[in-house]
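Use the sequences and the hints to build the structure in full.
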Amino acid sequence: MARKGGSKSLKRYAAPPTMQIVSVKEKKFITRPEPGPHRFRLSLPLQVVVRDLLKMAETGREARSIINRSLILVDGVVRKSHKFPIGLMDVVSIRDLNKHYRILVDNKGRLVPVESPPEESSMKICRINKKYLYRGRLMLATEDGRTFETDDNSLNVGDSLLVKIPEGTILDKAPLAEGHVAYVFMGKHAGTIGIVKSISSSSLIRDSTVTLTVDNKEVSTIRDYVMVVGREKPWLKLF
0 MARKGGSKSL KRYAAPPTMQ IVSVKEKKFI TRPEPGPHRF RLSLPLQVVV
50 RDLLKMAETG REARSIINRS LILVDGVVRK SHKFPIGLMD VVSIRDLNKH
100 YRILVDNKGR LVPVESPPEE SSMKICRINK KYLYRGRLML ATEDGRTFET
150 DDNSLNVGDS LLVKIPEGTI LDKAPLAEGH VAYVFMGKHA GTIGIVKSIS
200 SSSLIRDSTV TLTVDNKEVS TIRDYVMVVG REKPWLKLF
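Position 124 of the sequence shown, counted from 1, bears residue number 123 in numbering that gives the first Met the number 0, the numbering being contiguous throughout.
There may be inaccurate statements among the hints.
[As the list claims (entries may be wrong)] Here are the simulated lysine-lysine pairs, DSBU-like style, with alpha carbons at most 30 angstroms apart:
no., residue 1, residue 2
1, Lys107, Lys129
2, Lys98, Lys172
3, Lys187, Lys232
4, Lys236, Lys27
5, Lys236, Lys129
6, Lys129, Lys82
7, Lys130, Lys54
[Stated by the list, open to error] FRET-style restraints, in silico, Cβ to Cβ:
no., residue 1, residue 2, range
8, Tyr133, Phe28, 38 to 44 angstroms
9, Pro165, Tyr131, 21 to 27 angstroms
10, Phe28, Lys54, 18 to 24 angstroms
11, Thr58, Gly144, 25 to 31 angstroms
12, Ser80, Asn128, 19 to 25 angstroms
13, Glu33, Glu57, 20 to 26 angstroms
14, Ser202, Lys163, 36 to 42 angstroms
15, Gly167, Lys79, 18 to 24 angstroms
16, Phe28, Asn152, 44 to 50 angstroms
17, Leu96, Phe28, 28 to 34 angstroms
18, Pro15, Ser219, 18 to 24 angstroms
19, Thr58, Ser202, 49 to 55 angstroms
20, Arg136, Lys79, 30 to 36 angstroms
Keep in mind that the hints were calculated from the coordinates and are not lab data.
Yeah, the Cβ is synthetic: ideal placement off N, Cα and C, and Gly gets one too.
Following this line, the structure appears as structure tokens:
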């Protein structure tokens with residue numbers, strides 16, 4: 000009988016760069032994240048975050064024990080599945096320690112935790128990936144799997160929302176426009192934060208690109224790799 004569905008295992012050498020946390024020589028396999036709000040190549044399973052990023056456990060069994068005791072919250076919601084996917088801009092909170100970490104992509108393309116101030120732990124930035132009509136209502140779908148109903152037709156794909164979590168209330172918005180602060184989360188310039196200088200249009204043979212000014216230098220990357228994180232300055236602490 001033929002197999003149905005994808006593989007349940009994942010070898011480290013076959014994992015995307017975002018998952019290259021521990022050397023392949025040290026551990027052959029890595030926990031495969033379950034389907035969820037984030038795309039596979041930009042996510043890590045909660046067990047790996049607890050054990051390898053936050054260093055709260057030495058083994059997978061210890062990490063699962065911590066998760067099963069409802070000690071870990073993701074975006075303000077308790078998650079008890081050790082395979083739950085953790086991705087870009089997610090806020091991972093440790094209940095007993097009152098510690099909060101925002102998941103970002105560093106300059107090597109890896110997902111890393113950055114400690115977040117308590118006053119910012121109830122907010123996250125969401126990039127708009129899709130805009131569509133549903134039963135006559137305007138809907139926005141974001142990078143982290145959220146869907147918002149809005150009356151603001153000025154928002155487009157590539158713009159960003161500042162969202163209150165876990166309620167999902169929109170606090171602010173910023174379009175992908177010249178002069179705004181942007182963060183590169185994929186590609187060879189991953190981890191770069193700069194000011195948008197120009198945005199080029201796409202063609203049949205070339206993707207739309209964004210040019211950022213970073214420390215008096217110019218960096219160009221694909222538009223799909225860029226997330227607006229504020230207007231004159233970032234909404235939240237990033238690095």
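Verification of the supplied hints:
1. Lys107 with Lys129: 27 angstroms, holds
2. Lys98 with Lys172: 27 angstroms, holds
3. Lys187 with Lys232: 23 angstroms, holds
4. Lys236 with Lys27: Roughly 34 angstroms between the alpha carbons, so the hint for Lys236 and Lys27 is violated.
5. Lys236 with Lys129: 26 angstroms, holds
6. Lys129 with Lys82: 26 angstroms, holds
7. Lys130 with Lys54: 39 angstroms, violated
8. Tyr133 with Phe28: 38 to 44 angstroms: 40 angstroms, holds
9. Pro165 with Tyr131: 21 to 27 angstroms: 24 angstroms, holds
10. Phe28 with Lys54: 18 to 24 angstroms: 20 angstroms, holds
11. Thr58 with Gly144: 25 to 31 angstroms: Given range 25 to 31 angstroms: holds, Cβ gap about 30 angstroms.
12. Ser80 with Asn128: 19 to 25 angstroms: 24 angstroms, holds
13. Glu33 with Glu57: 20 to 26 angstroms: 23 angstroms, holds
14. Ser202 with Lys163: 36 to 42 angstroms: 39 angstroms, holds
15. Gly167 with Lys79: 18 to 24 angstroms: 21 angstroms Cβ-Cβ, so the 18 to 24 angstroms window holds.
16. Phe28 with Asn152: 44 to 50 angstroms: Holds - the Cβ-Cβ distance for Phe28 and Asn152, about 47 angstroms, lies within 44 to 50 angstroms.
17. Leu96 with Phe28: 28 to 34 angstroms: With Cβ atoms ~29 angstroms apart, the hint holds.
18. Pro15 with Ser219: 18 to 24 angstroms: With Cβ atoms ~23 angstroms apart, the hint holds.
19. Thr58 with Ser202: 49 to 55 angstroms: Given about 51 angstroms between the Cβ atoms, the range holds.
20. Arg136 with Lys79: 30 to 36 angstroms: This hint holds: roughly 33 angstroms between Cβ atoms.
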